[in-house]
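Protein chains in written order, with this note's numbering: chain E, 1 to 747; chain H, 1 to 50.
Quick caveat, the hints were computed from the structure, so don't treat them as lab data. Among the hints, a few may not be true.
[To be verified] Sample of chain E residues with no beta-carbon within 12 Å of chain H, all distances over it, derived: (1) 92; (2) 251; (3) 265; (4) 301; (5) 314; (6) 347; (7) 545; (8) 580; (9) 725; (10) 739.
[What the hints assert, rightly or not] Just some of the chain H residues that point at chain E, by a computed CB distance under 8 Å: (11) 1; (12) 5; (13) 11; (14) 12; (15) 16; (16) 19; (17) 20; (18) 23; (19) 24.
Quick reminder that beta carbons are idealized off the backbone N, C-alpha and C, glycines included.
Take a look at the letters that make up each chain.
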Amino acid sequence: MSSESGVQSSELNNPPQSPLNLRGDKRGVTIAVAGNPNSGKSTLINAIAGTRLHVGNWPGVTVEKKSAMFEHEGRQIRIVDLPGTYSLSPYTQEEIIARDYLVHEKPDAIINVVDATNLERNLYLTVQLLELGIPVVMALNIHDEAVSKGYKIDIKTMEDILGIEVIPTVATKKTGLNDLLKAVTSNTSVHHPKKLNYGSDIESAASAVERQIKNSYPQLLEKNPLRWLVFKLMERDSYVMDEIKIGDNISFIEEATKHLIKAHGDDVESIMADERYALASGLTHEVLKKPEFKKMEMTEKIDKFVLNRFLGIPIFLAAMWIMFKLTFDVSTPFADWMDAMITGPFKRWAEAILGLIQAPEWTTSLATDGVIAGVGFVLVFVPVIFAMMFFITFLEGSGYMARAAFVMDRAMHSMGLHGKSFIPMLLGFGCNVPAVYATRTLENPRDKALTALLIPLMSCGARLPVYVVFIGAFFAANAGTVLWSLYVMGIALAVLMGIIFKKTLFKGESPMFIMELPPYRMPSFKSLMIHTWEKGKHFLIKAGTYIFAVSILVWFLLNLPWGVEHKKDSYLGQVGQVFAPALEPLGFGNWEAASSLVSGLIAKEIVVGTMGEIYVQSTDDTDQTEVPTLTDDLKEMGTSFATAAKDAAENVISTFGVASMSSEESTEETEERTPLRGILKGQFTPLSAYAFIVFVLLYMPCVVVAIAMKQEFGTWKWFGIAFAYQMVLAWVVAFVIYQGGKLLGLG
Amino acid sequence: MSFVDITLMTVIIGGAVYLLYRSLWKKKGHCQGCDSETCDMTKKSNKKDC
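Same shape as in the complex, but just chain E (with noise of 0.2 Å):
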């Protein structure tokens, strides 16, 4: 550290302003919340407005800025979360994002949150938003972690030298928020940030830069800070110089960094950045007492273990298990039970209804057989979805996932990519959507496509019905294992795919990355809760919007044409004819599973809803002996709701015994309430069903995905490349397994 850094008291350049004043506007106030990744950002702003921001407890969750509205004491608050960035420099897609609305959208004040665990790499962007002439009030966060761990921090020191206000804060617990929002908007406490003194030889150069700006270039001023604008201008910072452009016209910035320049023999992005590290590594001394005698945290220890060199990958694949094995358990009884509901009370239901307002019998038809049991079988999982994604979220909360992502950062490295790519991949396994939207935390355009062609073998929740339907009817005994296959199948296979992709499509080295590695913690079960339904609410909504919208066209093309005696020869059934030859080496080559697979290219969950509408529809003539009141009808639901509810208990405590998924008895009797698992036994072997569930894993990404690709690469190139690689992989993969397993004698 230079010994001529430090602060000063002068004030920054811009005038200083109250955060309300800045618009003239004393009611409404914009409020940018800027941090490192995993500080607690999003947690923080959910905290303050009551929203659900998506949070996470690894680097990397928020990857656009997302704006809430609230209000406080009467005033109109909009508050602005941030990508988590580590400084602002413009190398990745998430510190463009939160430096140029910073800089061009101009909020009224800064929250910077700061990880008091973690000062000093915290205080590095807190020196850059300093620059940037805003009011600032630092949330010292996660500030009862600090304290645990023996951190004495100096606040008022810490606020003397920055002239900023510092807020202890935990987000998580909601402690230090009434102050920090008084602090925010309050006219009379904000403190304004001092001018730091980064040095004379910079601090000449920036003299003179910004004379030269101020004499020649003053338009500039209207949309940038002017030290933040003389800093970038010195770094040579290539978006400012293009973004300004002010040409050739460089020779006053030469000018003044020569002497920089020669006297510390680097670039000035170089000094530069040595600079702010030297204040903020100074600043930490100043204020941070640490105990003398560190003992062993328990991240660490835990870390021993699932970091290690050999048990990382079995630890993580372990860990998969378990989380299947218990998505299993707790959901089935549950699906089972709104199986039964579903096609008995519901169904009897919307045909009373129907009946008595005499709707045309097709009508009846259309709600039983098509709404019913295509929107009906994908509600069915439901509660398996919410499950999976009740453990993803804990995974998530605890800080496991990051460890996932260094224990696979080895396999990374071998198809051209690192770790902070399997971040993305991850998130696949809830969605593939958002996961390839994720994909813009990648600094290089070359990972972001690679990972998003990868994610598509990721296993979203979508999944999951059909997954389901099979193994409940084929695999009973191994439901956990039989589904952890699937899932370890995808990430391997994406493995195998990135490495020939490295050799073909992408080649080149993978840049170095270090991984942030956050500290366990035990996730609220209020967040658990919370996220668990954003995640899962998705899949409520398709079911409300298209996948009801398909159940209807499905309906139709099962119909057409009008009067068709035979579902095979109905457009669905010939599309499926079509189809149906290819999927014949595969062990299902029938028109049923072909149309389904057809369907299930809008979305995964419609190959159970469409094979509900074909199969169930075709066997509904089954005789009812007595029809139920409303009343036996009500009864039922409930008694059977506990029944359910014992039985996941029971699997639960079960877990790693004889589940009674595996009872014989219980097996048949799931069978008698939901009928399509029976259907299938009759169509399937458990080799063609496990290549069948293999196939749906592996074939092209869904619509949406589709959509969410162009998006991000503004091309169809990678949808198209995707898609094309997955359908031969699918059919391979499929292939291989069942000639496979006949060969092995296992069909």
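With chain E's structure known, arrange chain H on it following the hints.
Here is chain H on its own, set in the frame of chain E:
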């Protein structure tokens, strides 16, 4: 099949196609449970304009 039946069918199919277009193409698949900057989140209602 009567004229009423044909009209009803046309309306239902048209509605389903429009719903499909609206939820898949018009929104460009971007609104994932409103976890996006395109959503206007307000504390009062917690409703998100997607």
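Hints, one by one, checked against the model:
no. : hint : verdict
1   : 92   : 17 Å, holds
2   : 251  : 41 Å, holds
3   : 265  : 43 Å, holds
4   : 301  : 34 Å, holds
5   : 314  : 33 Å, holds
6   : 347  : 19 Å, holds
7   : 545  : 4 Å, violated
8   : 580  : 25 Å, holds
9   : 725  : 21 Å, holds
10  : 739  : 36 Å, holds
11  : 1    : 6 Å, holds
12  : 5    : 6 Å, holds
13  : 11   : 11 Å, violated
14  : 12   : 6 Å, holds
15  : 16   : 4 Å, holds
16  : 19   : 4 Å, holds
17  : 20   : 4 Å, holds
18  : 23   : 4 Å, holds
19  : 24   : 6 Å, holds
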